[in-house]
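Here are the chains, one letter per residue:
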Amino acid sequence: MNNDIYTKYLALDKMPTMWCPGCGNGIVLQSILRAVDELNVDRDKVVFVSGIGCSSRAVNYLDFDCMHTNHGRAIAFATGLKMANPDLHVIVLTGDGDCASIGGNHLIHACRRNIDLTIICMNNSNYGMTGGQYSPTTPIGSQTKTSVYGSYEPPFDLCKLTESAGATYVARAATYYPLQMKELIRKALQHHGLSFVDCASDCPSLFGRLNRLGDAGQMMLRWKDRLVSIQKAQSLSEEELENKVVWGEFVNKDNRKEYCDIYAENIAKAKEAANG
Amino acid sequence: MGSYQIMTGNEACAKAAIACGMRFFAGYPITPATEISEICSELLPQVDGVFMQMEDELSSIGAVIGASCAGKKAMTATSGPGFSLMQENLGWAYINEIPCVIVDVMRKGPSGGSATLPAQADIMQTKWGTHGDHPNLVIMPNSVEEIYTETIRAFNLSEKYRQPVILLYDAILAHMSEKIYVPFLDEINVIDRPLPEGSKKDYLPFRYTDSKVQPLAPFGQGYHLHFSGLTHDETGFPISNQDLTGLQITLGHLMAKIDDEYDAHIKKYESYMLEDADIIVVSVGITSRSAKTAVRRARDMGIKAGLFRPITMWPFPHHDFSQINLVCKAVVTAEMNIGQLNQVVTEDIDRNQKLVMKNLYDGNPIRDVDILNSIIEANKYEQ
Amino acid sequence: MRKIQINAHWCKGCGICVTLCPKGVLKLEQETVQVKNEEACIGCRQCEYHCPDFAIVIGEDENG
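Chains as they are written, first to last, in the working numbering: chain G, 1 to 276; chain B, 1 to 383; chain E, 1 to 64.
Take the hints with a grain of salt, since some may be wrong.
To be verified - One-sided and incomplete, this derived list gives chain E residues near chain G with beta-carbon spacing under 10 Å:
| no. | residue |
| --- | --- |
| 1 | 7 |
| 2 | 17 |
| 3 | 19 |
| 4 | 48 |
| 5 | 57 |
Stated by the list, open to error - Here are the simulated DSS-like pairs of lysine-lysine, each with C-alpha atoms no more than 27 Å apart in a straight line:
| no. | chain 1 | residue 1 | chain 2 | residue 2 |
| --- | --- | --- | --- | --- |
| 6 | B | 201 | G | 14 |
| 7 | G | 14 | B | 200 |
| 8 | E | 23 | E | 36 |
| 9 | G | 45 | B | 329 |
| 10 | G | 45 | B | 200 |
| 11 | G | 8 | B | 201 |
Hints were generated in silico from the structure; no laboratory data involved.
It should be emphasised that the depicted structure is a prediction, and the values quoted were computed from it without experimental measurement.
Here a beta-carbon is modelled for each residue, glycine too, at the ideal position from N, C-alpha and C.
If we strip away everything but chain G, and leave its shape as in the complex, we get (with noise of 0.2 Å):
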């Protein structure tokens, strides 16, 4: 039941969260939480790293090992960490600008190396905490405080990015699906290598505001035609599929070695050749 596990995880003193009326964070908080609670690991061993932004703000309300860390650098952290005692469960908590823009040199390279982390992106198409700026992920001729004339730069579609860096599990979910982003999450925190969530949410204050999308009841309700299932999505023409968000698991595979595994065989050819 979802109260023993807010009272179990939660930072109870720090409750309410500080996140606007229908922000989509707080869904992706709680099916992390489910998640977690489901892999039934030592808790003591799991420790949240986030960046700055909204998304980042998630660990402030968490009782875990937190590092609320610099803007984009979570990643970098967590991957010191992670390297430093490889018996811990490192989840990173970033956010599209957190991750794909300020940070996104950080993304594919721990893609590259494949390391066990699981990065989970609050997805929600533009800066927040700031007051509502394009990010990376803003769709283009959307209304934003710098692009008042519609956004008019390409965006990424981060599924895309995290698997051609070498990201071994990769998903998207979607707030309107928290059941599914549950599931989603826990696969890719039992996956050894590097998982890749990305939770398409929403800013309903901020974007939903300035793009006269409704309220958040309202934009929730727009996620059902906008979500093709990667099944559904494989039926359907490029056409078809404009102006859609394809959610569901990309990519998970187990034909690159982990990268704690690849610095322990280093140590061994290290040790062999001191004592060879």
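Use these hints to put chains B and E onto chain G, whose structure you have.
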């Protein structure tokens, strides 16, 4: 008994760090610091340590801080351009009181400057590089052997005071080879960060009731630590912007933990022939070696010269230096920049004392004869 | 019948739950969600899982 070995400054730095227990190194290649990475990549895995070549300097220091939070002694090494990139994350380590050692091997700047030419122009950056107020611990050795011993001291200070420590030397010291004494492991005084005792539930990662340093628990042991770049209270959670007293207390503690221990355990400088000196040369790092020769040659000429050499550069020993220079008539600063040390000592001298600046910033080391000429010039001054 | 627990201190009145509830069980009053018609609840928990503020918990079915 240890042994005498010939090695470069960068080699001494890497080997000393590993000798005193550094087990995590993350860095990005940059001249003239790269050899530290190269040596760590070879030696660290032999002792179950982690070497990582990161994608840039921002991630290098990020990974170092992450590793330190997991309980490992961690280090990164870079030069000016990379050190500039590290500043924001360095501030995170200051406010969260995370031990780590950052080596800045100075090259001529600004910007890319001249990668292989030495300079001493990052002295002020090590003090004021990251935004906001924070304490500093910066060490400037002047020989390969001192790089070895001061690297160990850097780790000891860092672990003891839960504070990043910057080891600052230049491209000449990095690449010159000298015979040094390498102590046997049990001859090295190694300080490891104290671990908390008592109930995990009641543990606070910070303590602001006095200037003492709170023991640092590692991640993954049930303490449920919270670290944030935001100004925090003793729990580590951010405090409200309305809590002005709290904001003041956090910063006050950061400064006090260093200030209170400074005289007894942090301050370190070399005094050479200062007892009766009319002319005091102030110099650090590689330049202080030319300065020492210049002082000796001045003495041979009958000029009462002496050398004051901070080894702990920051905090600067203002109090001691203002006592030492009471009776001298002139101070000569010798440094490879446009006058950073000079600006520092200005605070400590009297209006009727002459301040002579001997500086060079063309990528050449300062020769003893040039400093000697400055001493001679200063000696002509009548108070 | 399900027991719907609302944490009024955490609720920010975003209205997502009201929009998504298929049976019109919930309503907004003074920017906080209220239970209007608990008998109609079918226990789908859409409100609970979609609540961004951890403010709704649906109890287990008392009739098993």
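Exercise for the section: Mind checking the CB of residue 19(E) against every CB in chain G and telling me if the closest is under 10 Å? Expected result: holds, 3 Å
Exercise for the section: Sort out whether residue 200(B) lies within 27 Å of residue 45(G), counting only the CA atoms. Expected result: Judged against 27 Å, a Cα distance of about 14 Å means the pair holds.
Practice task
Would you check whether residue 48(E) satisfies its interface hint, that is, whether its CB is within less than 10 Å of any CB in chain G?
Solution key: This hint holds: residue 48(E) lies near chain G, its Cβ roughly 6 Å from the closest one there, short of 10 Å.
Handout entry: Hint consistency between residue 23(E) and residue 36(E) [alpha-carbon to alpha-carbon, up to 27 Å]
Key = Cα-Cα ~11 Å, so holds.
Exercise for the section: Compare the distance between the alpha carbons of residue 14(G) and residue 200(B) with 27 Å, and conclude whether the hinted pair is satisfied. Expected result: Distance ~20 Å between residue 14(G) and residue 200(B) Cα, so the pair holds.
Practice task
Below or equal to 27 Å on CA atoms is what counts here, so check residue 45(G) against residue 329(B).
Solution key: The given pair, whose Cα atoms are some 63 Å apart, is violated under the 27 Å limit.
Problem - Agreement of hint residue 7(E) with chain G interface, Cβ distance less than 10 Å - result: holds, 8 Å
Practice task
With a cut-off of 10 Å on the beta carbons, see whether residue 57(E) makes it to chain G.
Solution key: holds, 4 Å
Practice task
Please work out if residue 8(G) and residue 201(B) have their alpha carbons no farther apart than 27 Å.
Solution key: With Cα atoms ~14 Å apart, residue 8(G) and residue 201(B) stay inside 27 Å; holds.
Exercise for the section: For the hint on residue 17(E), just tell me whether its beta-carbon gets within less than 10 Å of chain G. Expected result: holds, 8 Å
Practice task
Starting from residue 201(B), check that the Cα of residue 14(G) is at most 27 Å away, please.
Solution key: Answer holds: residue 201(B) to residue 14(G) is near 17 Å, not above 27 Å.
In the structure shown, a violation is registered for the earlier hint numbered 9 alone.
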